[in-house]
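K.L.:
Sequence lines, in order, name chains B and D.
So for the first sequence, UniProt numbering puts the first residue at 1; every next one is plus one.
So for the second sequence, UniProt numbering puts the first residue at 1; every next one is plus one.
There may be inaccurate statements among the hints.
Identical chains blur together in the list; that is why a pair holds if it fits in one copy or across any two.
Stated by the list, open to error - Once the Cα atoms are required to be at most 20 angstroms apart in a straight line, the calculated SDA-like pairs of lysine to any residue come out as:
1. Lys-112 to Pro-211
2. Lys-53 to Ser-2
3. Lys-171 to His-34
4. Lys-197 to Arg-80
5. Lys-112 to Asn-227
6. Lys-49 to Glu-23
7. Lys-53 to Asp-91
8. Lys-49 to Ala-129
9. Lys-53 to Asp-241
10. Lys-18 to Ile-200
11. Lys-197 to Gly-275
12. Lys-197 to Trp-39
13. Lys-197 to Val-52
14. Lys-53 to His-260
15. Lys-112 to Ile-96
16. Lys-112 to Ile-231
17. Lys-197 to Gly-242
18. Lys-49 to Ile-96
19. Lys-18 to His-34
20. Lys-112 to Gly-222
21. Lys-112 to Arg-232
22. Lys-197 to Asp-163
23. Lys-112 to Asn-187
24. Lys-197 to Arg-152
For the record, the hints were derived by calculation from the structure and aren't laboratory data.
2 protein chains.
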Amino acid sequence: MSQFDLSRFAINQITTPKWTLAEAIEGYARQGVHGIAVWRQYLDDYGVKAAVKHLHAADMWVASLCTSAWVNQTDAAGYRQALDENRRIIDQAAAIGAPCVVMVVGGVGSDKDLYAQHRRIHDALEELAPYATAAGVKLGLEPLHPMYCGDRSALNLITHANDLIDELGDKASGLVADVYHCWWDPNFEQQLKRAGKDRIVTFHYCDWLVPTRNLRDRGMVGDGVVNFAQIRGWLDEIGYDGPFELEIFSELDWWERDHHETVQIAIERCGPYVGPRIARP
Amino acid sequence: MSQFDLSRFAINQITTPKWTLAEAIEGYARQGVHGIAVWRQYLDDYGVKAAVKHLHAADMWVASLCTSAWVNQTDAAGYRQALDENRRIIDQAAAIGAPCVVMVVGGVGSDKDLYAQHRRIHDALEELAPYATAAGVKLGLEPLHPMYCGDRSALNLITHANDLIDELGDKASGLVADVYHCWWDPNFEQQLKRAGKDRIVTFHYCDWLVPTRNLRDRGMVGDGVVNFAQIRGWLDEIGYDGPFELEIFSELDWWERDHHETVQIAIERCGPYVGPRIARP
Numbered sequence: 001m002s003q004f005d006l007s008r009f010a011i012n013q014i015t016t017p018k019w020t021l022a023e024a025i026e027g028y029a030r031q032g033v034h035g036i037a038v039w040r041q042y043l044d045d046y047g048v049k050a051a052v053k054h055l056h057a058a059d060m061w062v063a064s065l066c067t068s069a070w071v072n073q074t075d076a077a078g079y080r081q082a083l084d085e086n087r088r089i090i091d092q093a094a095a096i097g098a099p100c101v102v103m104v105v106g107g108v109g110s111d112k113d114l115y116a117q118h119r120r121i122h123d124a125l126e127e128l129a130p131y132a133t134a135a136g137v138k139l140g141l142e143p144l145h146p147m148y149c150g151d152r153s154a155l156n157l158i159t160h161a162n163d164l165i166d167e168l169g170d171k172a173s174g175l176v177a178d179v180y181h182c183w184w185d186p187n188f189e190q191q192l193k194r195a196g197k198d199r200i201v202t203f204h205y206c207d208w209l210v211p212t213r214n215l216r217d218r219g220m221v222g223d224g225v226v227n228f229a230q231i232r233g234w235l236d237e238i239g240y241d242g243p244f245e246l247e248i249f250s251e252l253d254w255w256e257r258d259h260h261e262t263v264q265i266a267i268e269r270c271g272p273y274v275g276p277r278i279a280r281p
Numbered sequence: 001m002s003q004f005d006l007s008r009f010a011i012n013q014i015t016t017p018k019w020t021l022a023e024a025i026e027g028y029a030r031q032g033v034h035g036i037a038v039w040r041q042y043l044d045d046y047g048v049k050a051a052v053k054h055l056h057a058a059d060m061w062v063a064s065l066c067t068s069a070w071v072n073q074t075d076a077a078g079y080r081q082a083l084d085e086n087r088r089i090i091d092q093a094a095a096i097g098a099p100c101v102v103m104v105v106g107g108v109g110s111d112k113d114l115y116a117q118h119r120r121i122h123d124a125l126e127e128l129a130p131y132a133t134a135a136g137v138k139l140g141l142e143p144l145h146p147m148y149c150g151d152r153s154a155l156n157l158i159t160h161a162n163d164l165i166d167e168l169g170d171k172a173s174g175l176v177a178d179v180y181h182c183w184w185d186p187n188f189e190q191q192l193k194r195a196g197k198d199r200i201v202t203f204h205y206c207d208w209l210v211p212t213r214n215l216r217d218r219g220m221v222g223d224g225v226v227n228f229a230q231i232r233g234w235l236d237e238i239g240y241d242g243p244f245e246l247e248i249f250s251e252l253d254w255w256e257r258d259h260h261e262t263v264q265i266a267i268e269r270c271g272p273y274v275g276p277r278i279a280r281p
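Next up, chain B with everything else stripped away, as it sits in the complex (with noise of 0.2 angstroms):
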């Protein structure tokens, strides 16, 4: 197969949106990766017993759950409902044996506060925590792209994914880094060696284009300006162990190829940067 040690390797599923839960585990499998990233609407579709059986039977094992429902209504009502959405969700990450949901907490409300939303973020999270632990299941906090903060997430800074699971506990959350949210951060390296080994749970690897052409035209690894090599440092400083994950949204690009060709290109790409091979658990 590879000439690269894929063990610590990742597929997450929206980098292949054509494919369905049952075509990403094939397609992933067939040539060597055998770590995804589940995304909810694919396993609503497939249902979760059916997706259980599939990963167990390609020996596939999950990085994550992907992603939470947005925490930023305005109205209590809809508040309400989306933590119990969450609660679901977190349930779904338990049976597929996610170690954790991909927490991504919605951007400003319409009441136009963001300090308002950083208080629902902190609110939802502290609320959920208990019942992510009992469930054995991890918050994991991601820091958005600051491009993200009108829509999909007021957490835009890994120093404010830290500081919330220095409150939360690391035993109900932890930290996923995604390199092109953070790449331009001047404190990603500090925040990442404060995070530790232990508190990321997982690790995205996506390159940031130039030119960027709209906000879903993220990269391949190798495609843009990301010093991957130096990143992967870090990390080996810090001796993390975890998955490498990768994870793009391109909506004029990846998501319109041939998704065999995606994982190829994939593996070529992102084998230098995921080995070496350490044993998971």
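Starting from the known structure of chain B, arrange chain D on it as the hints suggest.
P.N.:
Positioned in the frame of chain B, the structure of chain D alone reads:
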């Protein structure tokens, strides 16, 4: 004329890019806007002498000259050339009575080394500082939104800008704070207060649209998710008495519209956030 006190209000020329500098001066003044931020390419086209004469005749004041040359060259010759170019721009700013050059410092270089680019930014500013001081023009450090780190600027946090200004000194440098670039930052309020009124040389208004269609899809005040009343409140708390400048990059909308209409709408939308009158020096 307008129901609003526009004495502190300037329009940044990039908001009306179909107009020459002469047309912009006339177009703004005609509707009672006597502040302008000038862009280099238009100034070069018009010539400094003619521009000065026209600005004076139309009773215009200049908020800033946009922008510096990027200093992200990885070769020594290119880097030196950019510094020389920046000296020329500082001279132009002095000539037209601009209190600052807006420093857009270049994104990560071809070496993909963010920290090397941070050093280049630091070193370039340090070298230019005495020249700027002698010219009576401030280096206006503008943190750009992190989505521009790949090309336009690797200075992306207002905290980073304040740190640099601490080093350069408030005589040589100042802060150009743009709501569009900083609104998402949990430290925005705190860093404006850290800066204080005298460090802020000009303050940009622009809204963040949801959805944002590309990286030049900025919005008119009121059309997006930014809370202008809240942010203006922070500036009043610190006693800020400088310019408020509307700057909109908008390939798909405002750049295509009739610019007289743009100025009219700009006044209606920005009017509530640019008063009360404080005498200009």
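K.L.:
Each hint: holds or not?
P.N.:
Here is what the structure says about each hint:
1. Lys-112 to Pro-211: between (30 angstroms within a copy, 15 angstroms between copies)
2. Lys-53 to Ser-2: So Lys-53 and Ser-2 fail the 20 angstroms test inside a copy (26 angstroms) and across (70 angstroms) alike.
3. Lys-171 to His-34: neither (26 angstroms within a copy, 59 angstroms between copies)
4. Lys-197 to Arg-80: For Lys-197 and Arg-80, the Cα distance exceeds 20 angstroms both inside one copy (33 angstroms) and across copies (42 angstroms).
5. Lys-112 to Asn-227: between (35 angstroms within a copy, 6 angstroms between copies)
6. Lys-49 to Glu-23: The answer is within: 16 angstroms in one copy meets 20 angstroms, while 68 angstroms across copies does not.
7. Lys-53 to Asp-91: within (17 angstroms within a copy, 71 angstroms between copies)
8. Lys-49 to Ala-129: Classified as neither; 25 angstroms inside a copy, 66 angstroms across copies.
9. Lys-53 to Asp-241: The answer is neither: 27 angstroms in one copy and 66 angstroms across copies each exceed 20 angstroms.
10. Lys-18 to Ile-200: This pair counts as neither: shortest intra-copy Cα distance 29 angstroms, inter-copy 49 angstroms.
11. Lys-197 to Gly-275: Within one copy, since 16 angstroms is at most 20 angstroms while 51 angstroms is not.
12. Lys-197 to Trp-39: neither (25 angstroms within a copy, 48 angstroms between copies)
13. Lys-197 to Val-52: So Lys-197 and Val-52 fail the 20 angstroms test inside a copy (28 angstroms) and across (60 angstroms) alike.
14. Lys-53 to His-260: Result: close neither inside a copy nor across copies, 23 angstroms intra and 65 angstroms inter.
15. Lys-112 to Ile-96: This pair counts as neither: shortest intra-copy Cα distance 37 angstroms, inter-copy 38 angstroms.
16. Lys-112 to Ile-231: Classified as between: cross-chain Cα gap 11 angstroms, same-chain 35 angstroms, threshold 20 angstroms.
17. Lys-197 to Gly-242: Within. Shortest intra-copy distance 8 angstroms satisfies the 20 angstroms Cα cut-off; inter-copy 47 angstroms does not.
18. Lys-49 to Ile-96: within (8 angstroms within a copy, 71 angstroms between copies)
19. Lys-18 to His-34: Intra 19 angstroms, inter 54 angstroms, cutoff 20 angstroms: intra-copy only.
20. Lys-112 to Gly-222: Between. Shortest inter-copy distance 11 angstroms satisfies the 20 angstroms Cα cut-off; intra-copy 37 angstroms does not.
21. Lys-112 to Arg-232: Answer is between: at 14 angstroms across copies they meet the 20 angstroms cutoff, but 37 angstroms inside does not.
22. Lys-197 to Asp-163: Only inside one copy: Lys-197 and Asp-163 sit 16 angstroms apart there, 30 angstroms across copies, limit 20 angstroms.
23. Lys-112 to Asn-187: between (27 angstroms within a copy, 16 angstroms between copies)
24. Lys-197 to Arg-152: neither (27 angstroms within a copy, 33 angstroms between copies)
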